[in-house]
Amino acid sequence: MNSALSITKNIHDWLFSIMPETAASIAEMVLIALVYLGIFAIAGLFLVLLERRVAAWFQLRIGPNRVGFQGLLQTMADAIKLLSKELTGTSKADKFLYNLAPYFVIISSLMALSVFPFTKEFQAFDINIGLFFLIAVSSIGVIGILLGGWSSNNKFAMIGAMRSGVQTISYELSIGLSLLTMVLITGSLQLSEIVEVQKSGWLIVQGHIPAIIAFMIYMIAGTAETNRAPFDMVEAESELGAGFHTEYSGMKFAYFFLAEFINMFIIAAIATTVFFGAWLSPFGITESIPMLGVFWFLLKALILVFLMMWFRWTFPRLRIDQLLTLEWKYLLPLNLANIVIMALLVWLNLTISF
Amino acid sequence: METTTLTSNFKSEEYFINMGPQHPATHGVLRLLLTIDGEIIKKVEPDLGYIHRSIEKMCERDSYQQIVHLTDRMDYLSANINNEAVCLTVENALQLEIPDRVKVIRTIIGELTRISSHCLWWGVMGMDVGALTTYFYGFRDRELLNDIFEETCGARLTMNYNVPGGLMFDIHPNFVKRVKEFITHFKTKLPEYDRLLTDNIIFQKRAIGVGVLSKEDAISYGASGPVGRASGYSCDVRKHHPYSALDKVTFNEALRTEGDTYARYLVRIQEMWESMSIVEQLIDNIPEGEHRVATNAVIKLPKGEYYQKVETARGELGVYVISTGTKSPYRLKFRSPGFSNLSLLNHIAVGGKIGDLVATMATLDLVIPDIDR
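Chains as they are written, first to last, in our numbering: chain R, 409 to 762; chain X, 32 to 404.
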């Protein structure tokens, strides 16, 4: 039993010894929520910095490297600046919805974060419909974007919000179907089960060709789902100024901004869990040290995050009709065919497993 | 990509939206009044005048040497070519004999200015279609040119290098060497532009068949420069009415017939290659001699009307001077390429999406001070 786990066990025992069972459970939930909130904030800030450094690297620049070692505190400084900024808004905005919108976005990504198996033990919440839960909660975010764009009484924001709606509804199909393709192999939606199956080879290896196709579709749809370039129709700064968050400032804007980065991490983390064996190390090289699972999980996820950053800083943006054409005329039919192929593979036992 | 028209039972309503004067895609203070149905543009009305500085009126007060300085502030990306236009007008009116050295240097600097302007345009074009990285690539190469200009004439943007009668200073001893270095460098970098943006499938889908301008319309709207040439209208002033040393060099006029956004894009890319070839032909044999011929301190043009046109990076710039024999012109009119090209916008953007409008506007390569003057 490793030390991190014994700490949590000690806290658990201590809590249950000093208060009644219900209160202890609630206290434990609050503690876990706080831990995840911490992870959320740190991951968000780190990813913003990573994006800026990666962008600088692609663009022949240096990027932020002044505040803290190699700019590590830059985003912290930015966050403090955003905290101190005035919250402006339009006078005819629907105040209630306008203020509510950022929370939808941030809560959706926070909820999604809770189910990932960072290691075998480090998983807050392992339900039997894990994958379904992930897809469901990550689509709550679009409500926030729609509300924010609609309620801020700005036509540019409105166009951005409507684009977001049409885009997210379309690409969620692809996300769901490409993940379902993989579920055909695992036979379970529970994330810990999915990881268990991958002990005999990561799913992208087990499912070979259809799995690779599913992975590609998933990455395309995932980029679209997070509203990042080349699918950043929602913000499209050269067309809509700032899109749906045009009228937001200060911390409300920061919520949207952070959520975008966390969503990117979530998309990468889902791919890590479903295609690349989550916390499993390649060829089981560090199987004896379970805590290293966190390292492997984050490494795999960061490589995928880097891939998405690579997309963003290389490709031009699609036009809205091309975006929909891509989904409905190409990805969706391909996806459906892919599911059938995968079903045949599983049925005929043609998957590769070690 | 084929698009089919859907007949909808839903009632839709057109709405009005202000694009600019502060909008990232208008590259300055241009205001577009858009009438939109959903995402589809129904009408585009440019609203001008946000940085009108009465340059033409100010010219009526200034001496001809002073006018040259004002022209920098019109199309600031082709500052040097603008200067040249006024100088040529004055020199032709005075019938001054300009040394060959001046002519060659003017042409070289003019073509370098064109490359520099197109570099910036390319970067911004990419940014308008959503590829932010192009901006930095374009500026990387433009920076080298700015350094060369800075070394020779002390300024990077508003150069004021031409004066009536020649050049303000002789070229810097390093000039030839550095220009050659730049050409070698840029020959390896221009294919990079193609790899990053031209050959990108998303970019091609965004550009091909968007904002189509027919040759007839190009002529009737007075389009010039790359915009006209992309529609098959041979309108290169350098070719048809060569000035300075342009009659000594051979180059191809970049012509295409498609007239869409992609054609306008390719014309500019090809122009960069042609400009490099012009510079290469001239850089090795800059004639020796004076860099300036003496003129009177107060230049008075003989009574009459004078017109000179040059090809800036954006198209045909005409300078029309009416002189009554005094030290200032009675009337001076600039025919700026940007103004005519902007008038096209409503014609070619209607029916497209908002994204198409932005891409189309990027290939018109508008510089707002050039339009507003």
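By construction, these hints were calculated from the structure, which means they are not laboratory data. Even glycine gets a Cβ: it sits at the ideal position worked out from N, Cα and C. Heads up, a few of these hints could be off.
If the Cβ cut is set under 8 Å, some of the chain X residues that face chain R in the computed set are [as the list claims (entries may be wrong)]:
no. : residue
1   : Ile48
2   : Ala56
3   : Glu70
4   : Lys73
5   : Val160
6   : Gly356
7   : Lys358
8   : Val389
With a cut-off of at most 30 Å between alpha-carbon atoms, the simulated DSS-like pairs for lysine-lysine come out as follows [claimed, not checked]:
no. : chain 1 : residue 1 : chain 2 : residue 2
9   : R       : Lys500    : X       : Lys358
10  : X       : Lys134    : X       : Lys384
11  : X       : Lys279    : X       : Lys220
12  : R       : Lys417    : R       : Lys493
13  : R       : Lys417    : R       : Lys607
14  : X       : Lys88     : X       : Lys364
15  : R       : Lys500    : R       : Lys563
16  : R       : Lys500    : X       : Lys334
17  : R       : Lys563    : X       : Lys73
18  : R       : Lys563    : X       : Lys331
19  : X       : Lys73     : X       : Lys88
20  : X       : Lys236    : X       : Lys246
21  : R       : Lys737    : X       : Lys42
22  : X       : Lys358    : X       : Lys88
23  : X       : Lys220    : X       : Lys134
24  : X       : Lys384    : X       : Lys88
25  : R       : Lys500    : X       : Lys384
26  : R       : Lys503    : X       : Lys42
27  : X       : Lys134    : X       : Lys42
28  : X       : Lys384    : R       : Lys737
29  : X       : Lys246    : X       : Lys270
30  : X       : Lys220    : X       : Lys208
31  : X       : Lys236    : R       : Lys563
32  : X       : Lys270    : X       : Lys218
33  : X       : Lys211    : X       : Lys270
34  : X       : Lys358    : X       : Lys246
35  : R       : Lys563    : X       : Lys74
36  : X       : Lys340    : X       : Lys270
37  : R       : Lys489    : R       : Lys417
38  : X       : Lys279    : X       : Lys218
39  : R       : Lys563    : X       : Lys384
40  : R       : Lys737    : X       : Lys236
Q. Is the straight-line distance between the alpha-carbon of Lys358/X and that of Lys246/X 30 Å or less?
A. Violated. Lys358/X to Lys246/X sits at ~42 Å, over the 30 Å cutoff.
Q. If you draw a straight line from the CA of Lys500/R to the CA of Lys384/X, is it 30 Å or shorter?
A. Holds, at roughly 28 Å.
Q. Given Lys73/X was flagged as interface, is its beta-carbon under 8 Å from a beta-carbon of chain R?
A. At about 14 Å, which exceeds the 8 Å cut-off, the nearest Cβ of chain R leaves the hint on Lys73/X violated.
Q) Does Lys563/R lie within 30 Å of Lys500/R when you go C-alpha to C-alpha? A) 13 Å, holds
Q: For the pair supplied as a hint, Lys417/R and Lys607/R, confirm whether the alpha-carbon distance does not exceed 30 Å.
A: 27 Å, holds
Q: Compare the distance between the alpha carbons of Lys340/X and Lys270/X with 30 Å, and conclude whether the hinted pair is satisfied.
A: 12 Å, holds
Q) Hey, Lys73/X versus Lys88/X, does the alpha-carbon distance stay inside 30 Å? A) The hint is violated at about 36 Å.
**Q.** Lys236/X paired with Lys246/X [C-alpha distance capped at 30 Å]
**A.** Distance ~22 Å between Lys236/X and Lys246/X Cα, so the pair holds.
Q | Straight-line alpha-carbon gap Lys279/X to Lys220/X, limit 30 Å | A | 27 Å, holds
Q: Using 8 Å as the Cβ threshold, decide whether Ala56/X counts as touching chain R.
A: This interface hint holds because 5 Å falls under the 8 Å limit.
Q.
Just to be careful, I want the Cα atoms of Lys279/X and Lys218/X compared with a cutoff of 30 Å; is the pair within it?
A. 23 Å, holds
Q) Is Lys384/X close enough to Lys737/R, meaning Cα to Cα at most 30 Å? A) 20 Å, holds
Hints 4, 6, 7, 9, 10, 12, 16, 18, 19, 24, 27, 34 and 37, counting from the list given before, are not met by this structure.
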